[in-house]
Amino acid sequence: MSDLNFNYALLLPEIILAATGGIVLLSDAFRRELKLGRNMLPWITVAGAVLATLASVAQAGIVEDFAGIVLVDAFTTFFRVLFGLTLAVVVIGSHEYVAKQIRGQGEFYTMLLFATVGASFMAMSTELITAYVGIELLSFSLYVAVSLAKSDPRSGEAGLKYVLLGGLASAILLYGLSLVYGAAGSTDYATIAKNLSEGRDGMHAPLLMGLTMVIAGLGFKASAVPFHMWTPDAYEGAPLPVTAVLSATSKAAAFAVLLRLFGGPFLPAIADWQGTIAFLAVLTMVVGNLIAIQQHNIKRLLAYSSIGQVGFMLMAIVTISDASTSAVLMHLGGYLITNLAVFMGVIAFYNQTGSEEIADMKGLAETNPFLALVIAAGLFSLAGMPLLAGFTTKFILFQAAAYGGYLWLVGVAVVASTVSLYYYLMVIKQIYVIQTDGSLLDPQAHDVVVPRWRLTWTGYLTTATLLVAMVVVGLWVAPLAHAADSAAKALFG
Amino acid sequence: MGGAVVLNRLPLPAQLDRTVTTGGLLAGAIVTPPLIALIVLRVLGNISSAQMVWWMLAGVIVAGALGAVTLRNVVHSALALIAAAMGLAGMFLLLASEFLALVQVLVYGGGVAILLMFGLMLTNATEDPVVIDGSQKPFAAGVGLILGVALTAAMLSANWDASISTVVDFRDLGARLYRDFGVPFEVASLVLLVALVGAVAISRRDNDDDNDAEAAS
Numbered sequence: 003m004s005d006l007n008f009n010y011a012l013l014l015p016e017i018i019l020a021a022t023g024g025i026v027l028l029s030d031a032f033r034r035e036l037k038l039g040r041n042m043l044p045w046i047t048v049a050g051a052v053l054a055t056l057a058s059v060a061q062a063g064i065v066e067d068f069a070g071i072v073l074v075d076a077f078t079t080f081f082r083v084l085f086g087l088t089l090a091v092v093v094i095g096s097h098e099y100v101a102k103q104i105r106g107q108g109e110f111y112t113m114l115l116f117a118t119v120g121a122s123f124m125a126m127s128t129e130l131i132t133a134y135v136g137i138e139l140l141s142f143s144l145y146v147a148v149s150l151a152k153s154d155p156r157s158g159e160a161g162l163k164y165v166l167l168g169g170l171a172s173a174i175l176l177y178g179l180s181l182v183y184g185a186a187g188s189t190d191y192a193t194i195a196k197n198l199s200e201g202r203d204g205m206h207a208p209l210l211m212g213l214t215m216v217i218a219g220l221g222f223k224a225s226a227v228p229f230h231m232w233t234p235d236a237y238e239g240a241p242l243p244v245t246a247v248l249s250a251t252s253k254a255a256a257f258a259v260l261l262r263l264f265g266g267p268f269l270p271a272i273a274d275w276q277g278t279i280a281f282l283a284v285l286t287m288v289v290g291n292l293i294a295i296q297q298h299n300i301k302r303l304l305a306y307s308s309i310g311q312v313g314f315m316l317m318a319i320v321t322i323s324d325a326s327t328s329a330v331l332m333h334l335g336g337y338l339i340t341n342l343a344v345f346m347g348v349i350a351f352y353n354q355t356g357s358e359e360i361a362d363m364k365g366l367a368e369t370n371p372f373l374a375l376v377i378a379a380g381l382f383s384l385a386g387m388p389l390l391a392g393f394t395t396k397f398i399l400f401q402a403a404a405y406g407g408y409l410w411l412v413g414v415a416v417v418a419s420t421v422s423l424y425y426y427l428m429v430i431k432q433i434y435v436i437q438t439d440g441s442l443l444d445p446q447a448h449d450v451v452v453p454r455w456r457l458t459w460t461g462y463l464t465t466a467t468l469l470v471a472m473v474v475v476g477l478w479v480a481p482l483a484h485a486a487d488s489a490a491k492a493l494f495g
Numbered sequence: 005m006g007g008a009v010v011l012n013r014l015p016l017p018a019q020l021d022r023t024v025t026t027g028g029l030l031a032g033a034i035v036t037p038p039l040i041a042l043i044v045l046r047v048l049g050n051i052s053s054a055q056m057v058w059w060m061l062a063g064v065i066v067a068g069a070l071g072a073v074t075l076r077n078v079v080h081s082a083l084a085l086i087a088a089a090m091g092l093a094g095m096f097l098l099l100a101s102e103f104l105a106l107v108q109v110l111v112y113g114g115g116v117a118i119l120l121m122f123g124l125m126l127t128n129a130t131e132d133p134v135v136i137d138g139s140q141k142p143f144a145a146g147v148g149l150i151l152g153v154a155l156t157a158a159m160l161s162a163n164w165d166a167s168i169s170t171v172v173d174f175r176d177l178g179a180r181l182y183r184d185f186g187v188p189f190e191v192a193s194l195v196l197l198v199a200l201v202g203a204v205a206i207s208r209r210d211n212d213d214d215n216d217a218e219a220a221s
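Sequences listed follow chains A and B, in order. Under our numbering, think of the first position of the first sequence as 3, with each following residue one higher. Under our numbering, think of the first position of the second sequence as 5, with each following residue one higher.
No lab work stands behind these hints, which were simulated from the structure alone. The beta-carbon is built from N, C-alpha and C at its ideal position, and this holds for glycine as well. Do not take every clue at face value.
[Unchecked claim] Here are the simulated distance ranges between beta carbons:
#: 1; chain 1: B; residue 1: G63; chain 2: A; residue 2: R202; range: 29 to 35 Å
#: 2; chain 1: B; residue 1: F143; chain 2: A; residue 2: L389; range: 31 to 37 Å
#: 3; chain 1: A; residue 1: D444; chain 2: B; residue 2: A199; range: 28 to 34 Å
#: 4; chain 1: A; residue 1: N9; chain 2: B; residue 2: M121; range: 43 to 49 Å
#: 5; chain 1: A; residue 1: R202; chain 2: B; residue 2: E102; range: 43 to 49 Å
#: 6; chain 1: A; residue 1: N299; chain 2: B; residue 2: F143; range: 24 to 30 Å
[Unchecked claim] To give an idea of the chain A side of the interface with chain B (calculated C-beta under 10 Å), a few residues:
#: 7; residue: V65
#: 8; residue: W232
#: 9; residue: D235
[Unchecked claim] From the structure, some residues in chain B lie toward chain A, with a derived Cβ separation under 8 Å:
#: 10; residue: H80
#: 11; residue: F96
#: 12; residue: G115
#: 13; residue: A157
#: 14; residue: A162
#: 15; residue: L181
#: 16; residue: V195
#: 17; residue: G202
#: 18; residue: S207
Taking the hints into account, I'd like the entire structure generated from these sequences.
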């Protein structure tokens, strides 16, 4: 037997996150003995997330694997940093919300930390079972976190729907993986790629079934149409910070697995899945963006909007290559920043007003101009307005798909993207055009005095940081592009 | 039911009530013909002994799985699930993976089954009369049928590697599980921790938390 020990220090970011989870759980349980207030918990969580991010940045440049099970490379580092920062931002921006609306704060933060660990393992696994275990860790943590809202029956309902449908999707995914294992003879990505490119007689049908079931299972996790049914209900019922994590970490992690799988082991069988994913991409873009038009609740609107965004990102899987991987990683980065900005704005809005209805956002431009600016900029960025992150990254994504030879797909995406502008503008209209009393804004009248309210300092900190990040990425995309490029190169060698 | 009348007149022990006896006879009547058919095929030499055992185990697994989802009484469902797990253990034994067979019996046949029984006992779950079939049942049945046909067709058309499985050394198994797969092994323990903490966090009532906060302040 060769060397018995691996370089476990490479897993330091995940170890820090998991240990922080344990610390949070125990310091909540023993807070009276330790004389700790509950308000310490979010800061312990943030410290863990920041430390884990720093640890993963410190390991940038290292390429090392553990017996082909997990691989630490630039791709892993990209996602680790993304997940770590997302966790830190969500916790800082929502700790007031959590203190009021969540039962079991210690458990709640622990679940968010463990979800991030699961997401990291999804990004770094190069083996089917490890990827599956990572998916389950992320999903289990989120099933629990979704159900933890205090005295909101929608939360329990959302949790139950999510866990039942999620369990079904996991079963389908696992069955698909077992068929792929049967057809390719290994669970290890490198061996699967080798065996599939050599090809075996008579194994085409099970491979096709396996791939289709894997796409269905992962499509559920990424909420691609027609596996999206859980998304609006789970988003609406979940506490707002969990909705933010669902739309950011969970989506990005699903794409990490999709990229690692379809850019590596499944690449030799591209003819068997390219059409399926192109079909899903079209369906997801069209359905997500059309149904979003009818929504009255901001969470449901953002749920359908995120489904639409997933459709755009699936285009990169269809045309998978070095360039399109880099493009989709960039878009994930831009989408995460933008989406978190909107969610942090909505959380601050909810903390003040206790409402999630789009109609209640009327006159926000007068009552809180800064928050109105953040939400409006975020929605414009999601729609893809120039100068903001959403435009630049979406442009590069569409360009990559067009160069990949799928011009018709990009055509559908552009139309869907235009449709999305409509419902984003509906929200912005409530914020800027409708006044607090429900009348239309009259530019001539300046005598209306409306009491203004302010955000908390953490609210200002997160929204302002994300707003600046959105503009910076929109104007100066080079750093993000560089990180995404090196991550894509790590994947394609 | 004519048989039931006959059963009433039989001098049976009191604890063998009618449902148990009729159920047992029914099950026996269903199981016996295929069993006889299998033994006859084996004696005639049409199938090998391994194939005979395989078919028997497959019958147990399918019947157990069907029972687990169709039986109304949850305790009966749990028992059917144990039967399916045991059938699976037999399959592992047939594949010469005796370690997996042992684990299957110990963990699923023993541990998980007992956990399930405890869960049923503590949550006071009995017969569930509520039918929760939605209006989409025909669609679900259609999709299930299509998927079943597609999977069966894929399985039948495939050219599976028919190599006889070799016995794996326990030492190799240990090295593979705790060295190569050490990382996913640890992640799986996190999954269990999440399940444990989550179950407690969800089942705890809202006001417990509030009282706690007041007591602390």
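We went through each hint and held it up to the structure:
| no. | hint | result |
| --- | --- | --- |
| 1 | B:G63 <-> A:R202: 29 to 35 Å | holds (31 Å) |
| 2 | B:F143 <-> A:L389: 31 to 37 Å | violated (46 Å) |
| 3 | A:D444 <-> B:A199: 28 to 34 Å | violated (57 Å) |
| 4 | A:N9 <-> B:M121: 43 to 49 Å | holds (44 Å) |
| 5 | A:R202 <-> B:E102: 43 to 49 Å | violated (29 Å) |
| 6 | A:N299 <-> B:F143: 24 to 30 Å | holds (27 Å) |
| 7 | V65 | violated (17 Å) |
| 8 | W232 | violated (15 Å) |
| 9 | D235 | violated (15 Å) |
| 10 | H80 | violated (22 Å) |
| 11 | F96 | violated (15 Å) |
| 12 | G115 | violated (19 Å) |
| 13 | A157 | holds (7 Å) |
| 14 | A162 | holds (5 Å) |
| 15 | L181 | violated (11 Å) |
| 16 | V195 | holds (5 Å) |
| 17 | G202 | holds (3 Å) |
| 18 | S207 | violated (10 Å) |
The structure does not agree with the numbered hints 2, 3, 5, 7, 8, 9, 10, 11, 12, 15, 18 stated previously, though it agrees with the rest.
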